[in-house]
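2 protein chains.
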Amino acid sequence: MPKRYDRTASAPTLEFMRCKDCDMYGLCRLASNGEDANVTNALVKRRFVLRRGEYLYRSGDSFHEIYAVRHGSIKTYIYSDDGKTQITGFHGHGEIVGLDALDGMRFASEAIVLETTNICEVSFPHFQELSRNIPELQNQMLAIMSHAILRGQQMMLLLGKKNATERLATYLMSISRKIDKNKLSLPSYKLTMSRRDVGNYLGLTQETVCRILARFQEDGIIKVEGKYIYFFDIDRLTELTSQGRTEHVADLFEPSPRCLT
Amino acid sequence: MPKRYDRTASAPTLEFMRCKDCDMYGLCRLASNGEDANVTNALVKRRFVLRRGEYLYRSGDSFHEIYAVRHGSIKTYIYSDDGKTQITGFHGHGEIVGLDALDGMRFASEAIVLETTNICEVSFPHFQELSRNIPELQNQMLAIMSHAILRGQQMMLLLGKKNATERLATYLMSISRKIDKNKLSLPSYKLTMSRRDVGNYLGLTQETVCRILARFQEDGIIKVEGKYIYFFDIDRLTELTSQGRTEHVADLFEPSPRCLT
DNA sequence: CGCTATATTGACCAGAGTCAAGCTTTGTGG
DNA sequence: CCACAAAGCTTGACTCTGGTCAATATAGCG
Chain A
1 MPKRYDRTAS APTLEFMRCK DCDMYGLCRL ASNGEDANVT NALVKRRFVL
51 RRGEYLYRSG DSFHEIYAVR HGSIKTYIYS DDGKTQITGF HGHGEIVGLD
101 ALDGMRFASE AIVLETTNIC EVSFPHFQEL SRNIPELQNQ MLAIMSHAIL
151 RGQQMMLLLG KKNATERLAT YLMSISRKID KNKLSLPSYK LTMSRRDVGN
201 YLGLTQETVC RILARFQEDG IIKVEGKYIY FFDIDRLTEL TSQGRTEHVA
251 DLFEPSPRCL T
Chain B
1 MPKRYDRTAS APTLEFMRCK DCDMYGLCRL ASNGEDANVT NALVKRRFVL
51 RRGEYLYRSG DSFHEIYAVR HGSIKTYIYS DDGKTQITGF HGHGEIVGLD
101 ALDGMRFASE AIVLETTNIC EVSFPHFQEL SRNIPELQNQ MLAIMSHAIL
151 RGQQMMLLLG KKNATERLAT YLMSISRKID KNKLSLPSYK LTMSRRDVGN
201 YLGLTQETVC RILARFQEDG IIKVEGKYIY FFDIDRLTEL TSQGRTEHVA
251 DLFEPSPRCL T
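Sequences listed follow chains A and B, in order.
Using my numbering, you'd call the opening residue of the first sequence number 1 and step up by one each time.
Using my numbering, you'd call the opening residue of the second sequence number 1 and step up by one each time.
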């Protein structure tokens with residue numbers, strides 16, 4: 001049974017994790033009055049480490065902190081009434097989680113760590129206090145939340161309108177965009193989540209994920225090596241994200257007042 | 001071709017539309033310092049009417065206002081790269097739209113009116129100004145946005161894990177919860193959107209929507225009469241929202257450190 | 001080194017999509 | 001106010017994508 005809140009372990013090497021890439025950087029910089037945010041700052045009072053299988057928070061936990069992933073990765077998910085699980089996101093370096101708890105001040109989702117992960121913690125009351133003096137901090141937060149809403153809408157589109165191939169291709173593209181472009185070697189990524197998790201996230205089964213990854217490999221688009229993916233042909237992958245079988249042509253025009261689709 | 005921004009028409013009867021039911025009521029009350037928000041108030045400077053087929057906003061429009069539906073209904077949707085449409089929500093009395101534009105200050109989605117609809121408009125700069133003096137206003141806004149994020153997560157669950165029957169049942173239940181419980185007559189609701197729209201929203205085709213509505217009617221759960229739905233058996237409908245074929249039993253227990261599903 | 005979780009691949013199946021035909025409702029104009 | 005056209009709805013027959021079940025293979029942890 002996974003432990004919770006074992007936040008004493010030592011940190012992994014973090015030199016190459018720059019705050020500048022973090023979604024929270026805008027907030028941290030504002031809070032620290034422009035000073036270097038690369039050290040613990042006015043906003044982030046605490047950092048800690050969790051290990052694979054530990055929870056960052058659980059559904060129903062009362063909400064006091066917002067978290068950003070500094071290094072590592074986590075998954076967040078919700079339950080249906082009958083116990084089905086839907087993974088709502090994978091979050092890596094620089095991504096913020098816990099924003100779904102501001103309504104009701106309790107976490108609606110759960111967050112579990114996929115590998116040894118370094119977390120920045122922002123106390124929400126502290127954030128509120130700071131933002132009384134720094135109105136721009138509030139705008140930043142609204143923008144961040146708005147962005148989370150957009151992400152949800154994109155997932156609705158993916159789950160509601162795309163087929164299995166398009167879903168996988170879209171997912172792989174979202175990964176490839178996160179890869180550091182400055183690296184000299186072949187673009188590659190370690191999937192810290194299982195195939196089953198990927199399938200769950202994309203509304204597919206693990207078998208379908210396997211089969212389509214195999215097909216992408218046959219077609220020379222990627223190479224799959226266990227948990228590692230190597231990206232060979234980003235252009236072809238981009239094409240596959242939406243295979244363009246556009247609906248009836250009529251839909252491309254403005255709908256007439258009566259034709260609201 | 002639908003007109004935009006024809007905001008001069010006369011309002012429908014609104015006596016029974018109470019601000020108290022509105023998602024924006026908390027904001028309006030705070031902004032008006034506790035006074036009656038039922039008239040145009042410190043936050044809402046303007047109300048206007050749109051007719052079926054008119055746009056409230058379009059994708060790419062620059063963002064200045066947030067809107068609340070006072071009376072009537074609208075749909076919001078986004079496009080995929082290849083022109084597919086995903087409806088992201090139907091919004092009726094008391095619901096807020098436009099929150100997806102705070103990131104980037106441009107609307108990412110479109111909003112089109114499904115029937116003659118009365119809109120409350122909140123200038124965002126004005127909101128920002130007010131909230132410098134009323135910090136609680138900011139918290140309200142964060143809660144509202146958090147709620148929108150939760151809605152997105154619930155839709156991911158619906159689209160990723162529920163079958164057609166469960167999706168329709170879930171949708172009908174969300175409608176039935178909106179119906180005024182004080183009415184003496186049989187609970188009923190007018191679907192202002194087409195079957196095709198319902199299908200689009202739920203990741204189904206219009207044919208599937210028709211068939212399942214027909215089946216629900218055969219089973220005595222609802223009665224379908226053109227655009228009107230009458231709710232006979234809410235309990236049975238609730239059961240159908242998640243048919244409980246729970247995954248492997250193991251999933252019900254705490255995952256072991258290695259078994260992260 | 002062995003055990004268990006995870007990944008892969010194949011055979012088969014079913015739920016929902018597609019296509020098509022006919023029906024109903026709604027809006028428009030004479 | 002009625003007739004007509006267009007949009008929307010319904011139902012049936014058939015298809016196909018992706019799910020289910022099952023059998024191995026592989027990998028990672030203790």
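One or more hints might be untrue.
[Claimed, not checked] Calculated lysine to any residue pairs in the SDA-like style (CA-CA distance at most 20 Å, straight line):
1) A/161 <-> B/219
2) A/84 <-> B/237
3) A/161 <-> B/239
4) A/161 <-> B/238
5) B/20 <-> A/104
6) A/161 <-> B/173
7) B/84 <-> A/208
8) A/161 <-> B/20
9) A/84 <-> B/163
10) B/84 <-> A/151
11) A/161 <-> B/89
12) A/161 <-> B/226
13) A/161 <-> B/45
14) B/84 <-> A/243
15) A/161 <-> B/237
16) B/161 <-> A/42
17) A/161 <-> B/190
18) B/20 <-> A/103
19) B/161 <-> A/139
20) B/161 <-> A/195
21) B/190 <-> B/51
22) A/161 <-> B/124
23) B/161 <-> A/78
24) B/84 <-> A/207
25) A/161 <-> B/59
26) A/161 <-> B/82
27) B/84 <-> A/154
28) A/84 <-> B/239
29) A/84 <-> B/171
30) B/45 <-> B/171
31) B/161 <-> A/238
32) B/84 <-> A/239
33) A/84 <-> B/173
34) A/84 <-> B/238
35) B/84 <-> A/173
36) B/161 <-> A/208
37) B/161 <-> A/79
38) B/84 <-> A/238
Keep in mind that the hints were calculated from the coordinates and are not lab data.
Evaluated hints:
1. A/161 <-> B/219: With Cα atoms ~30 Å apart, residue 161 of chain A and residue 219 of chain B exceed 20 Å; violated.
2. A/84 <-> B/237: 18 Å, holds
3. A/161 <-> B/239: 27 Å, violated
4. A/161 <-> B/238: 26 Å, violated
5. B/20 <-> A/104: 19 Å, holds
6. A/161 <-> B/173: 23 Å, violated
7. B/84 <-> A/208: 23 Å, violated
8. A/161 <-> B/20: 37 Å, violated
9. A/84 <-> B/163: Holds, at roughly 12 Å.
10. B/84 <-> A/151: 17 Å, holds
11. A/161 <-> B/89: 15 Å, holds
12. A/161 <-> B/226: Measuring from Cα to Cα gives roughly 27 Å; hence the hint is violated.
13. A/161 <-> B/45: 39 Å, violated
14. B/84 <-> A/243: 10 Å, holds
15. A/161 <-> B/237: 26 Å, violated
16. B/161 <-> A/42: Roughly 42 Å separates the two Cα atoms, so the pair is violated.
17. A/161 <-> B/190: Distance ~26 Å between residue 161 of chain A and residue 190 of chain B Cα, so the pair is violated.
18. B/20 <-> A/103: Holds, at about 18 Å.
19. B/161 <-> A/139: This hinted pair is violated, its Cα atoms lying about 35 Å apart.
20. B/161 <-> A/195: This hinted pair holds, its Cα atoms lying about 16 Å apart.
21. B/190 <-> B/51: Holds - the C-alpha atoms of residue 51 of chain B and residue 190 of chain B are around 17 Å apart, at most 20 Å.
22. A/161 <-> B/124: 33 Å, violated
23. B/161 <-> A/78: 11 Å, holds
24. B/84 <-> A/207: Status violated; Cα separation ~27 Å.
25. A/161 <-> B/59: 19 Å, holds
26. A/161 <-> B/82: 11 Å, holds
27. B/84 <-> A/154: Holds - the C-alpha atoms of residue 154 of chain A and residue 84 of chain B are around 12 Å apart, at most 20 Å.
28. A/84 <-> B/239: Holds: residue 84 of chain A and residue 239 of chain B sit about 15 Å apart, inside 20 Å.
29. A/84 <-> B/171: Holds: residue 84 of chain A and residue 171 of chain B sit about 18 Å apart, inside 20 Å.
30. B/45 <-> B/171: Violated, because 34 Å separates the two Cα atoms, which is more than 20 Å.
31. B/161 <-> A/238: Since the Cα atoms of residue 161 of chain B and residue 238 of chain A sit roughly 26 Å apart, the hinted pair is violated (cutoff 20 Å).
32. B/84 <-> A/239: Given pair residue 84 of chain B, residue 239 of chain A holds - Cα atoms ~15 Å apart, limit 20 Å.
33. A/84 <-> B/173: 19 Å, holds
34. A/84 <-> B/238: With a Cα-Cα distance of about 16 Å, the restraint between residue 84 of chain A and residue 238 of chain B holds, given a limit of 20 Å.
35. B/84 <-> A/173: 19 Å, holds
36. B/161 <-> A/208: 15 Å, holds
37. B/161 <-> A/79: Holds: residue 161 of chain B and residue 79 of chain A sit about 10 Å apart, inside 20 Å.
38. B/84 <-> A/238: 16 Å, holds
Hint compliance for this structure: hints 1, 3, 4, 6, 7, 8, 12, 13, 15, 16, 17, 19, 22, 24, 30, 31 are broken, all remaining hints hold.
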